[in-house]
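Use these hints to put chain H onto chain D, whose structure you have.
Residue numbers (this note's numbering), protein chains in the order written: chain D, 1 to 157; chain H, 1001 to 1157.
One or more of the hints may lead you astray.
Rough simulated footprint, nothing fancy, chain D against chain H, three-plus residues with beta-carbon under 8 Å [to be verified]: (1) 1040 to 1049; (2) 1085 to 1091; (3) 1112 to 1118.
The set of hints was computed from the structure by calculation and includes no laboratory data.
Glycine residues also receive a C-beta, built at the ideal position from the N, C-alpha and C atoms.
There are 2 protein chains.
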Amino acid sequence: MASTTPHHGSPLLYLDDLSAGQRFTGGSRVVVDEAAIRAFAAQFDPQPFHLDPEAATETLFGQLVASGWHTAGVTMRLQVETIPIAGGLVGAAAAVEWPRPTLPGDVLRIEAEILEVRHSRSRPDRGLVRIVTETKNDRDEVVQVVTATIVVPRRPD
Amino acid sequence: MASTTPHHGSPLLYLDDLSAGQRFTGGSRVVVDEAAIRAFAAQFDPQPFHLDPEAATETLFGQLVASGWHTAGVTMRLQVETIPIAGGLVGAAAAVEWPRPTLPGDVLRIEAEILEVRHSRSRPDRGLVRIVTETKNDRDEVVQVVTATIVVPRRPD
Chain D
1 MASTTPHHGS PLLYLDDLSA GQRFTGGSRV VVDEAAIRAF AAQFDPQPFH LDPEAATETL
61 FGQLVASGWH TAGVTMRLQV ETIPIAGGLV GAAAAVEWPR PTLPGDVLRI EAEILEVRHS
121 RSRPDRGLVR IVTETKNDRD EVVQVVTATI VVPRRPD
Chain H
1001 MASTTPHHGS PLLYLDDLSA GQRFTGGSRV VVDEAAIRAF AAQFDPQPFH LDPEAATETL
1061 FGQLVASGWH TAGVTMRLQV ETIPIAGGLV GAAAAVEWPR PTLPGDVLRI EAEILEVRHS
1121 RSRPDRGLVR IVTETKNDRD EVVQVVTATI VVPRRPD
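So here's chain D without its partners, still in its complex pose (with noise of 0.2 Å):
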């Protein structure tokens, strides 16, 4: 897995800076080849469309895909290089979408935008910050849509 353009350096954002609306894309990518795909499902998914392209071609997807929960984590890393939240990335919750899988040697990429800010009530420290991330293959389609609600510090005075 190669992985390009992190954002260290750019200022963390705390609970105050956000908004909703609010975008990051960035410039990272990581490319998912056939040896990524196999190399996940054998530890994490170990099922034939995922695992072996000959066998692949008798299944649903008529050919080897990456599981879902790779995209998954691969979308995560790319978050992790494109959305500089103080405190880091949190989340106690997502739903997640695969509305196609990723193919071997795809280009996955981001794009995010804060969906809502909620100050705490119970902790004046923190609040939560819904956040939606589509994740797009080189050919500008879908391959997944993660809404997922994290835990954001507020600036210490």
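Quick look at chain H alone, frame taken from chain D:
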């Protein structure tokens, strides 16, 4: 990552064999050790609380914890070993919650239950099955709940 007791040899289940309330537990276990947590994080979620036991003490978690997506990957492996669906486990969408993190040395297992079985009108050869899977550690604490909709073929005539 060690893993035991796959379902290989169990008869494959078709849509006609499934109904709401049906449960799958199986004997599969996966040990998530510190090396596995750090290896997953280096590839997919490179944040201090997943990478570095020392740096993790300064974070929200106060110690090294597994990426939620690592817990999701381990859960997928346990599902593949526990739920013998014909055609494999193919999800179009999933809602994931992480009530608490997976810690180094945790031994994970799953308990799955079918929530709903819907026959497809447009594609009489298949249907959609909604299934909830709880992932528990060896202290019987829930580390993940994932609700997924999977595509399941009808038994061929």
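Right, here's what the structure says about each hint:
1. For the region 1040 to 1049 of chain H, the assignment as covered by chain D holds, since 8 residues bring a beta-carbon within under 8 Å of that chain's beta-carbons and 3 suffice.
2. Here the region 1085 to 1091 of chain H counts 5 residues with a CB under 8 Å from a CB of chain D, which clears the bar of 3, and the coverage holds.
3. Counting residues of the region 1112 to 1118 of chain H whose CB falls under 8 Å from any CB of chain D gives 0; the rule of at least 3 is not met.
The structure shown violates just one earlier hint, number 3.
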